[in-house]
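J.: Make a model of the complete structure from these sequences and hints.
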Amino acid sequence: MIETNDLSKQFNGDFWAVDGVNLCVEPGKILALLGQNGAGKTTTVRMLNALLKPTRGWARVAGYDVTKKPQAIRANVGVLTEQHGLYMRMTGEEYLEFFGKVYGLDPQARKRRSDYLLQYFGIAEAAQRRCGEYSKGMKQKLALARALIHDPSVLLLDEPTSAMDPESSRLVRDEIARLQSSQRTIIICTHNLAEAEALADSIAIIYRGKILLNGTLDELKRIVLGPVEYEAKFAHDFDTGELNLPQGVTLASRSADSIRFQVEAPQAVNPLLVKALASRNAPLVSFQEVPRRLEQVYLKTMAEAQGVSYAA
Amino acid sequence: MQRNLSSIWMVAQREFTDQFRDWRIVVPMFLLVTLFPFIADDTTRQAVSFMNRFGGDLILDNLIPFVVLVIGFFPLSFTLVVALESFVGEKERGTIEPLLSSPIEDRHMYLGKLLVGITTPLVFSFASIGIYLILVSRREVTFPSAYMLTLIFLLTFAHAVLMVSAAIVISVQATTIRAANLLASFVVVPVAFLLQGETILIFWGNEDVLWFAIIGVTLLASLLVRLGLSHFRREYLLGREIDTINLKWIGRTFSSRFRGRALSIWDWYRTELPISLRELRKPLLIVVGLGLIAGLVSYFWVVTNVPTYLELSPERVSEFRTFIADNLNNIDSLGERLPAPILFLHNTRTTVIFLLLGLISFGTLGLTLFIGNIALVGGVMGAAYLVGYSPLLAFGAGILPHGIFELTAIFIATAAVLKVGAQLVTPQPDKGLGEILLIALADWLRVFVGIVVPFLAIAAVIEIYLTPVLIKLAFPYL
Chain A
96 MIETNDLSKQ FNGDFWAVDG VNLCVEPGKI LALLGQNGAG KTTTVRMLNA LLKPTRGWAR
156 VAGYDVTKKP QAIRANVGVL TEQHGLYMRM TGEEYLEFFG KVYGLDPQAR KRRSDYLLQY
216 FGIAEAAQRR CGEYSKGMKQ KLALARALIH DPSVLLLDEP TSAMDPESSR LVRDEIARLQ
276 SSQRTIIICT HNLAEAEALA DSIAIIYRGK ILLNGTLDEL KRIVLGPVEY EAKFAHDFDT
336 GELNLPQGVT LASRSADSIR FQVEAPQAVN PLLVKALASR NAPLVSFQEV PRRLEQVYLK
396 TMAEAQGVSY AA
Chain B
258 MQRNLSSIWM VAQREFTDQF RDWRIVVPMF LLVTLFPFIA DDTTRQAVSF MNRFGGDLIL
318 DNLIPFVVLV IGFFPLSFTL VVALESFVGE KERGTIEPLL SSPIEDRHMY LGKLLVGITT
378 PLVFSFASIG IYLILVSRRE VTFPSAYMLT LIFLLTFAHA VLMVSAAIVI SVQATTIRAA
438 NLLASFVVVP VAFLLQGETI LIFWGNEDVL WFAIIGVTLL ASLLVRLGLS HFRREYLLGR
498 EIDTINLKWI GRTFSSRFRG RALSIWDWYR TELPISLREL RKPLLIVVGL GLIAGLVSYF
558 WVVTNVPTYL ELSPERVSEF RTFIADNLNN IDSLGERLPA PILFLHNTRT TVIFLLLGLI
618 SFGTLGLTLF IGNIALVGGV MGAAYLVGYS PLLAFGAGIL PHGIFELTAI FIATAAVLKV
678 GAQLVTPQPD KGLGEILLIA LADWLRVFVG IVVPFLAIAA VIEIYLTPVL IKLAFPYL
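First to last, the protein sequences are chains A and B. Each residue of the first sequence is one higher than the one before, starting from 96 at the first, in the working numbering. Each residue of the second sequence is one higher than the one before, starting from 258 at the first, in the working numbering.
Keep in mind that the hints are not guaranteed to be accurate.
With a straight-line cut-off of 20 angstroms between C-alpha atoms, the simulated EDC-like cross-links for lysine to aspartate or glutamate are [said to hold, decoys possible]: (1) Lys148/A / Asp114/A; (2) Lys148/A / Glu692/B; (3) Lys206/A / Asp160/A; (4) Lys148/A / Glu492/B; (5) Lys164/A / Glu362/B; (6) Lys163/A / Glu362/B; (7) Lys688/B / Asp109/A; (8) Lys163/A / Glu492/B; (9) Lys148/A / Asp363/B; (10) Lys196/A / Glu349/B; (11) Lys729/B / Glu593/B; (12) Lys148/A / Glu593/B; (13) Lys505/B / Asp246/A; (14) Lys231/A / Glu349/B; (15) Lys196/A / Asp363/B.
Think of the hints as simulated: they come from the structure by calculation, not from any bench. Just so you know, these numbers come straight off a predicted model, no measurement behind them.
T.: Shown next as C-alpha cells:
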C-alpha cells in the first residue's frame with residue numbers, strides 16, 4: 096500500500112518541486128500519475144522510494160515510513176527509472192545477476208528469477224549479449240526485469256512502455272495487469288494516456304508539484320467534462336420538437352439526425368428518455384454513451400491550470 | 258561485518274568488470290605502464306652519464322628514487338578518470354539511480370567505488386615501478402634501499418587515496434563529466450605541487466624526511482575520505498540535476514547565518530558573537546594546547562641545539578648582542594618605516610591565508626602555519642636566552658603588550674579555521690556540501706569581523722607605538 100499526506104519537497108530553499116501531495120493506493124490497485132515534464136512526478140516517485148527526504152508531510156510505502164525505514168522500503172519496492180540505467184558493458188544475464196545480489200537473493204533464486212524474467216520478456220536469446228547492443232525496446236524490457244527481480248510488493252514505474260514496439264508494450268501492460276492481480280501496489284508515471292486509461296484504477300494529474308485531480312477515470316470525467324452524455328441517432332432527419340425531458344437530463348446539442356443529452360443518473364433516467372423519444376415516434380437507430388477519453392480530461396485540466404482556453 | 262564487506266565487494270566487483278571491459282581505460286593504462294618505464298630508464302641512463310661526466314653526486318644518488326616517485330605518479334593520474342567515471346559518469350548516464358533505488362547503503366556504495374578507484378591505478382602504478390626497477394637493476398647505478406622504496410610505495414599509496422577521495426568529493430558536487438573534469442584541476446594542480454615538494458624532500462633531506470610527507474598526505478587523504486563519506490548521500494546525489502549558481506540562495510543563506518537573529522550591530526555583538534565564541538571553545542582549546550606545545554618545544558629545541566649548530570662562543574654571543582643593539586637602535590622610529598595600517602593589513606592577510614589554506618586542507622594547513630608562527634615566537638625567546646637576555650622580560654616587553662590582542666586574535670582565527678575544517682567533514686544529513694561551506698564561512702566571518710579584525714587593529718597600534726617604548730624601558734642598555 097502507498098499512502099501520502101501533504102507530501103512536499105523543496106529544493107534550494109525556494110522551489111517546491113512537490114507541494115502537498117495526498118495519495119492512497121491500495122494493494123492490487125494501479126495509480127497513474129500524469130503531468131507535464133517537470134511537474135513533480137519523478138520527485139514524488141523518488142520520495143516514495145526513500146531516495147529523497149520529504150521537506151514536509153509523510154509517506155508510507157509497503158507498510159514503512161519513508162523517512163524512518165528507507166532501507167526496508169528500497170528492499171520492497173521495484174523501481175523503473177526514467178532512464179533505463181543499464182550498464183552497457185554488462186550482459187543482460189550479468190545485469191540481472193548483479194541486481195539479484197544487490198537485493199539479497201540467494202544464487203538459486205537469482206538464477207530462477209533471472210531466467211524467468213528474461214524468458215517472459217522475450218530477451219532470453221540476448222541474455223549473453225552486452226546491454227549496449229540491445230535495441231531501445233530490449234533495454235526497456237531488461238530495465239523492467241531488473242525492477243521485478245526481487246518480486247517487490249510495490250512497483251514504481253516511470254514510463255514503463257516508452258520506446259517499445261506495440262507488441263512489447265502489450266506484453267508489458269499484460270505483465271503490469273498480472274502484477275496487479277497478485278495484489279501489488281503500482282504507481283505508473285506516464286505520458287501515454289491510452290495506457291493510463293487501460294491500466295489504471297485511479298488517476299492523479301499533477302501540475303507544478305500540486306495534485307489537480309485525483310480519482311477514478313469516471314469520477315475525473317464527471318468532474319472535468321460534466322455528466323455523461325448520450326446520443327440518440329435517427330434513421331433520417333427528424334424534428335423531435337419540444338421534448339418533455341425527465342428530471343436530471345439536459346439537452347446538450349442537437350443536429351438534424353441526432354440529439355445529445357447530459358444525464359446525471361443514466362440507469363434511472365435513460366429508460367424514461369428512450370420512452371420519451373419513442374412516444375414522439377422517433378426513428379431511433381441507436382442510443383449510446385458518447386465516448387469521452389482521458390485525453391480530453393487531461394487537456395482540459397491542464398488548459399484550465401494554465402489559464403488558456405480548451406478546444407475539445 | 259561480513260555483510261558490510263560483501264556489500265562493498267559487490268559494488269567493487271561490478272566496477273572492476275566494467276573498467277576492464279572499457280578500452281578507453283585499459284589501453285592508455287597499459288601503454289603508460291609498459292612504455293613509460295622504458296622512457297624513464299633511458300632518461301635515467303642519459304642523466305647518469307651526464308652527471309658522471311660533469312658531477313652532481315647529490316642528484317645522482319637520489320635520481321632513481323625521484324624517478325620511481327614520478328613513474329608511480331603517472332598511472333595515478335588515472336585515478337581521477339576512474340573516480341569521475343565511477344561517480345559522475347554513472348550519474349550522467351543515469352545508471353546510478355537504479356543502484357541508489359536498491360537497499361545498498363550509501364557508505365557501502367562509496368567504499369566499493371573508492372576501493373576500485375584506488376586499486377586499479379595503484380596496481381598499474383606499482384607494476385610500472387616494478388618494470389622500471391627491473392630495468393634499472395641491470396645498470397651500474399646505486400639501487401635505492403628497500404627502506405627508501407617502501408617509503409615511496411607508501412607515499413604512492415597515500416597519493417592514490419588522496420586523489421581518489423578528492424575526485425569523489427568533486428564527483429558528488431558535479432552533475433556532468435565535463436564539469437567534473439574542470440573541477441578536477443583542483444586536484445591535479447595541488448597534487449602536482451605536492452609532488453614537487455616531495456621531490457625537494459628526496460633531493461634535499463634524508464630518507465626519514467619522507468615520513469613527514471607520508472603522514473601529511475595520509476592525514477589529508479583520511480580527512481577527504483571522511484568528507485566523501487559524510488557527503489555521499491542519495492538525497493544529495495539526486496537532489497541536484499543541473500549545475501546552476503543560485504546567487505540569491507547563496508546570499509540569503511550566508512547573510513542569514515552571519516546576521517543570526519540580531520536586529521542591530523550592537524545586538525549582534527551582544528547576542529550573536531558570544532554564540533560564535535562559545536562554539537569555538539573546543540577548537541580554541543586544541544589551538545591553545547598546540548600553540549603552547551609548539552612554543553615550548555621550539556624554545557627548548559633552540560636552547561638545546563642552536564649552540565652546537567652555530568658553535569656559540571662568548572665572542573659570537575657578543576657579536577649577536579651588538580647586531581641586536583644596532584637593529585633596535587632606531588626602534589623609536591619604527592612607525593615611520595612600518596606604519597601601523599601596513600602592519601595591520603599584513604597581520605589581517607595572514608589570518609585570511611590561514612583560512613584559505615585551511616579550506617583546502619580541512620583546517621590542517623592553517624593550523625600548521627599557526628604552529629609555525631608560534632614556534633617562531635618560542636624560537637625567538639630561546640635565542641634571547643642564548644644571547645643572555647631574559648626570555649620572560651623579552652616576552653613581557655616585546656610581545657605581550659600587543660600580543661594580548663594579536664595572539665588572542667590569531668588563536669581565535671585559527672580556532673575558527675579549525676572549526677571550518679571540522680564542519681566540512683562532519684556529516685549533516687539535511688545539508689549539502691555547498692550549504693555547509695557557506696555556513697562555515699559565515700561562522701568564520703562572524704569571528705573575523707567581530708573580534709579578529711578589531712583586535713589586530715589595536716595590536717598594530719600598540720606594536721608600533723607602545724612596544725618599542727617598553728622594549729627601551731626593559732632593555733635600557735641596548
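J.: Compare the structure with the hints numbered earlier in the document and write down the numbers of the violated ones, lowest to highest.
T.: Structure breaks hints 3, 10, 12 and 13.
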